[in-house]
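Protein sequences, first through last, are from chains F and H. Under my numbering, think of the first position of the first sequence as 1, with each following residue one higher. Under my numbering, think of the first position of the second sequence as 469, with each following residue one higher.
Note that these hints are calculated values from the structure, not bench results. Don't take each hint at face value.
[Unchecked claim] Each computed SDA-like pair below joins lysine to any residue, with the alpha-carbon atoms no more than 25 Å apart: (1) LYS508/H to ASP142/F; (2) LYS579/H to GLY111/F; (3) LYS474/H to PRO39/F; (4) LYS601/H to VAL30/F; (5) LYS530/H to LEU370/F; (6) LYS550/H to PRO15/F; (7) LYS322/F to LEU370/F; (8) LYS530/H to LYS640/H; (9) LYS474/H to GLU195/F; (10) LYS109/F to HIS523/H; (11) LYS579/H to PRO15/F; (12) LYS289/F to LYS640/H; (13) LYS474/H to TRP37/F; (14) LYS579/H to ASN145/F; (15) LYS530/H to GLN27/F; (16) LYS508/H to PHE525/H; (17) LYS52/F to SER606/H; (18) LYS52/F to ARG509/H; (19) LYS530/H to ARG301/F; (20) LYS601/H to ARG509/H; (21) LYS640/H to PHE17/F; (22) LYS602/H to GLY391/F; (23) LYS518/H to TYR149/F; (24) LYS530/H to TRP299/F; (25) LYS474/H to PRO43/F; (26) LYS601/H to TYR9/F; (27) LYS463/F to GLY391/F; (28) LYS52/F to ILE527/H; (29) LYS52/F to ALA35/F.
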Amino acid sequence: MGGSFTADYVNGFIPEFRFQIDEHEIQITVYGNYASWDPIPEPLSRLLAWGKPDLVLIQRETGEILLAVEETAATPTGNQALQRCERQFGAANEGFPFWYLISEFGKHKDGGTRKDSVWPTLMGLELMHGTQVPSIILHYSDADNPEDYSTGTGTNSLFKLLALVLRNCSEGLQPFANAKRLIQAQLQEMVSYVESNWSASLYFVADVSHLNIAEEASRLCSTSRNSLQDNARARTSFLRWPLVSDLSLGQQKTQEPRPLLKRDVLAERLEADIVKRKAYGPIKGSGSKPQQRESLGLWIRQQNAKQSDWQTRSGHPNSDFKLQLGDFPQSKSGLHHVITSQRILYLYDTTEDAEKAIWQAFSRLRNKRLFSDSERQSPALVYISNSVKPGRIFGDPYTGQISAYSVSFGALSKARIVIAYFPHQSVAQAADELADQNNKGQRIMAELTDLLIFGGGLAIRTKRGELI
Amino acid sequence: MTPRLKLLSEEVVRWALEVKLQRGSTWKIAFTNPTAGPWKRVMAENSKGKLGEIHRFEIDEKRPDLIIYSDVHKTVVIVEAKTDISGLQNSDQVLKTSSLFTSLSEMLRQKGANEYWGSRAAYSYQLGLLWSKKRETSRDVAELANEYLMRINSGVSDILCFQGRLSDGTLKHEIFWAKRKKAINLDDYQS
């Protein structure tokens, strides 16, 4: 773009940059650590309620959010990039443009390299279609230079966009004026990324080639203060996943039943429904990470104590939830499996069939109306997290993963009912967090899921915050 | 509207210290633990000025908040940061930080063969504590230092303190040895 800049530190530590480009002077002041500053512009407060992006570009005079950026080099640890998908969802849901810069390749401690999954990208494509707000994934690094910001196209593309947005604002233009070619190239990269990488995670993928990239880029460039207000309109799905009845012979062959690694009443029913062709599992196997006896024993005691304490406090009658070390089979190396089903996700053609599986598994839920008549006819998604370690149910890693999966499979357009199952977690953790209206995870669960089921079949209707 | 600094959090105090160090020439940052940014690696420059990796933290491995080193003063400081001194006085934190300092300094002492660490393996390793000043007295700080020193067995005799405070809107650091109650200038650092 050409020009010059100076950098200074206000009060000795607040970075302030002044760019002189042609006749325009652009001043950027960097405020780190959101909680340390007052006042915080109202739009920023709304964005932060869904999680804290790494960078938010705000116009000084108006307090308007121009765009937010999340950045991660955490690819080496597999699903880390998914953990920030809640921020990606939250930004789109509020109408704030969002760019997510991810290291495509990461070096694992074992010496091998890991590659980013397709989930943030799939989710971004679905979000943009539904909200018409940019939610763009950019990748940097390459196989020979993992985690290297200077290789790959992502870093350069992001900085070009940032420069353009700054210049537009200094000229009084809309933030993404003249950005069509750049955004078009970014969308093309996203489509290519899905097409080249889906098979690492999925047996088959919804078609992404029907995206009219030029039209979509034009729409996204017209994102403005006014159009941002209008994003809560009726949404349609971009990613169209087949019903079981639509699966081709080749797709059906990928749906062989898989034995459970640890017995579980609901997971057994879900797996049986694969055989009965009521559901299918589009995601390839979730590997088992067996746990040390000592750690597992501690977590089991903690979960049981939480449940017992909660039952005493809430006056809730005894439930069937009580974990025992002996229920977790030993692996060949003497560790303990915590995985029940070897699938993380089941797609049902109808919620009615998923509800029947839940009724069969948990007698306490039998004869309880879990869904409305219209919901019963909708397709459903059942997500399983087998984690035993106590943690924030409405925090990492669950909310990010659930955001990515539920949006990618149709929750944004309400095309699919979303059920999340936590067989080894006490409902106590969720019940306590439900009381906090400011909890970001609670917002995400309420927005993207319909029913949470915890150990022993204790369930919560998330839309109403109601314990069943 | 220009935001005003209302909370001197550990992140702001650490960040301001990093700016101060980077603007000087005596100390370098080998590791920082911000909420965003590059993967969690300890990095340093080799003799040709090329930056390389010395250690890569695992996702659930305990990490300090900051590691700085000075080739001029032949010293490495491993820093734990908290918003208030009370966070550093917590007995679990004392145990955690002491244990982390012991294991991490030992690990770095074994990295003599690493091209990017080399002779720094033989440097003096110090524990640093960073927080924002409230009402604590120098006696509180000395007592805190004793708690840590009792649990560290690696020839460390004092704790380096980085205490951030606001003065007329400007964030300043008081840097001093806890037990000796001696203020120091990092450029003229003496252990």
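Now for the hints, and whether the structure bears them out:
no. : hint                 : result
1   : LYS508/H to ASP142/F : holds, 19 Å
2   : LYS579/H to GLY111/F : holds, 18 Å
3   : LYS474/H to PRO39/F  : holds, 9 Å
4   : LYS601/H to VAL30/F  : holds, 23 Å
5   : LYS530/H to LEU370/F : violated, 43 Å
6   : LYS550/H to PRO15/F  : holds, 22 Å
7   : LYS322/F to LEU370/F : holds, 24 Å
8   : LYS530/H to LYS640/H : violated, 29 Å
9   : LYS474/H to GLU195/F : violated, 48 Å
10  : LYS109/F to HIS523/H : holds, 10 Å
11  : LYS579/H to PRO15/F  : violated, 35 Å
12  : LYS289/F to LYS640/H : violated, 47 Å
13  : LYS474/H to TRP37/F  : holds, 5 Å
14  : LYS579/H to ASN145/F : holds, 23 Å
15  : LYS530/H to GLN27/F  : violated, 38 Å
16  : LYS508/H to PHE525/H : holds, 6 Å
17  : LYS52/F to SER606/H  : violated, 36 Å
18  : LYS52/F to ARG509/H  : holds, 22 Å
19  : LYS530/H to ARG301/F : holds, 24 Å
20  : LYS601/H to ARG509/H : violated, 29 Å
21  : LYS640/H to PHE17/F  : holds, 21 Å
22  : LYS602/H to GLY391/F : violated, 32 Å
23  : LYS518/H to TYR149/F : holds, 16 Å
24  : LYS530/H to TRP299/F : holds, 19 Å
25  : LYS474/H to PRO43/F  : holds, 19 Å
26  : LYS601/H to TYR9/F   : holds, 22 Å
27  : LYS463/F to GLY391/F : holds, 22 Å
28  : LYS52/F to ILE527/H  : holds, 20 Å
29  : LYS52/F to ALA35/F   : holds, 10 Å
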